[in-house]
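Undergrad: Protein sequences appear in the order of chains A and B.
Everything in the first sequence is counted per my numbering, starting at 978 for the first residue and increasing by one.
Everything in the second sequence is counted per my numbering, starting at 978 for the first residue and increasing by one.
Bear in mind the hints are in silico, worked out from the structure with no lab data behind them.
Since we're looking at a predicted model, the values are computed, not measured.
Some hints here could point you the wrong way.
No distinction is drawn between identical chains; accordingly, a pair holds when it is met within one copy or between any pair of copies.
[Claimed, not checked] In silico DSS-like pairs for lysine-lysine, Cα to Cα no more than 25 Å straight-line:
hint	residue 1	residue 2
1	K1011	K1027
2	K1025	K1063
3	K1027	K1140
4	K1063	K997
5	K1100	K1011
6	K1100	K1063
7	K1143	K1100
8	K1027	K1106
9	K1025	K1106
10	K1106	K1011
11	K997	K1027
12	K997	K1140
13	K1027	K1063
14	K1011	K1063
15	K1143	K1025
16	K1106	K997
17	K1025	K1011
18	K1027	K1100
Protein chains: 2
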Amino acid sequence: MTVLERLIGNLSRLPGLGAKSASRIAYYILRADKNYVRALAGDMLEIKEKIRNCPVCANYTVEVPCSICSDPQRDRGTICVVEEAKDVSTIESTREYHGLYHVLLGAISPIDGVGPDDLRIDKLLARVKEERTTEVIIATNPTVEGETTAQYIIQRLRTLEVKVSKLALGLPVGGDLEYADRLTLARALQGRNRQ
Amino acid sequence: MTVLERLIGNLSRLPGLGAKSASRIAYYILRADKNYVRALAGDMLEIKEKIRNCPVCANYTVEVPCSICSDPQRDRGTICVVEEAKDVSTIESTREYHGLYHVLLGAISPIDGVGPDDLRIDKLLARVKEERTTEVIIATNPTVEGETTAQYIIQRLRTLEVKVSKLALGLPVGGDLEYADRLTLARALQGRNRQ
């Protein structure tokens, strides 16, 4: 196996890349500027070296604690609960949320052998108590696993004096009724807002 | 800018990757096995270090001349002319061709300022004379640039005693007449084979 075939094989393990797109990228790299390829390879190694999970919220970070946990400008009374660290940057990209985060590092999934104790749920309850949190916003995925996890956390938080909310389900903005699936449309109806 | 943002930016410069797929890959790398990421980054650097164009046919190679040019089993009387080095592996993947190659390193394109002298066409003629080639198969792309290049090479080769052929144009195998574009269908009709 040549190094080019090996690179194509390694590239095709990346999410969303098949054999064809991996080969296209490998040939692009062959012809690309050397400094660009050095930067790309260097970045890959650097994120593996430097980036870890914040010990407080489990968001990806270089500093400890992360820049969100240590930012005095953020609303420290609100915690948004997400499944994965990458969900933090998705929510940050809306620029609508100014509180703190808590990453569970997964979702309850009996099929995959993931139970509540495998997630950072006890740590969430400890934070809510210690940090005197006023609202927990649950932003798990709208899937069976995410919903199960959300319901479990809602139960656990009932013992504490904290407001609990969940992201709204409904039609995607810019979407067309015709293309909405039945479940989404049903949730949009259930969650209809009086005007 | 964090190293993660920088990696996403560098990944999104790769062909076929947008901001979303680049971000998905970056987060995959964050969680991936360290040895895998080291291998991936190492391969990228290694192909830039080691792989060059064969001085005879301009195919990508580590050895000089390349493994095809130096293979005594290949039919040395036939040369297949392609635009880019990556086209060699595409044709090799058919396992239908056993001759030599000649990579032009581009195609005639007045808009991009690429003329016949910018391509390895003189070198092709020199090879045909020196190597006493019996057939040249032109396998440029079925585009305006590829066709222009093919016609130019056919003209130049007329002065030499060599058989010249071009890849057949027609319907893709497994395709449906309904989905064939008008030009492809017209070419398939022109090139119809008597049965």
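Undergrad: Now tell me if each hint is right for this structure.
TA: Each hint tested on the structure:
1. For the identical chains of this complex, K1011 and K1027 are neighbours both inside a copy (24 Å) and across copies (12 Å), given an alpha-carbon limit of 25 Å.
2. In this assembly of identical chains, K1025 and K1063 lie within 25 Å of each other by CA distance solely inside one copy; the values are 15 Å within and 31 Å between copies.
3. For the homomeric pair K1027 and K1140, neither the shortest alpha-carbon distance inside one copy (36 Å) nor that between copies (61 Å) is at most 25 Å.
4. When the C-alpha separation of K1063 and K997 is checked against a cutoff of 25 Å, the pair qualifies only between copies, where the shortest distance is 12 Å, while the shortest distance within a copy is 27 Å.
5. Taking the shortest alpha-carbon separations for K1100 and K1011, neither the intra-copy value of 46 Å nor the inter-copy value of 27 Å comes in at or below 25 Å.
6. In this homomeric assembly, K1100 and K1063 come within 25 Å of each other (Cα to Cα) only inside a single copy, at 19 Å, whereas the closest approach across copies is 53 Å.
7. In the homo-oligomer, the alpha carbons of K1143 and K1100 lie at most 25 Å apart inside one protomer (19 Å), although the nearest pairing across protomers, at 69 Å, exceeds that limit.
8. For a Cα distance limit of 25 Å, the shortest separation of K1027 from K1106 qualifies neither inside one copy, at 31 Å, nor across copies, at 58 Å.
9. Neither within a single protomer nor between protomers do K1025 and K1106 lie at most 25 Å apart by alpha-carbon distance, with minima of 33 Å and 55 Å respectively.
10. Taking the closest pair of Cα atoms, K1106 and K1011 never come within 25 Å of each other, the shortest separation being 53 Å inside a single copy and 37 Å across copies.
11. In the homo-oligomer, the alpha carbons of K997 and K1027 lie at most 25 Å apart only across protomers (23 Å), although the nearest pairing inside one protomer, at 32 Å, exceeds that limit.
12. For the homomeric pair K997 and K1140, neither the shortest alpha-carbon distance inside one copy (50 Å) nor that between copies (33 Å) is at most 25 Å.
13. Taking the shortest alpha-carbon separations for K1027 and K1063, only the intra-copy value of 16 Å comes in at or below 25 Å, while the best inter-copy value is 36 Å.
14. In this assembly of identical chains, K1011 and K1063 lie within 25 Å of each other by CA distance solely across copies; the values are 19 Å between and 30 Å within a copy.
15. For the homomeric pair K1143 and K1025, neither the shortest alpha-carbon distance inside one copy (33 Å) nor that between copies (49 Å) is at most 25 Å.
16. When the C-alpha separation of K1106 and K997 is checked against a cutoff of 25 Å, the pair qualifies neither within a copy, at 52 Å, nor between copies, at 37 Å.
17. Taking the shortest alpha-carbon separations for K1025 and K1011, both the intra-copy value of 22 Å and the inter-copy value of 7 Å come in at or below 25 Å.
18. With identical chains, the CA atoms of K1027 and K1100 are at most 25 Å apart within one copy only, with a shortest distance of 24 Å there and 50 Å across copies.
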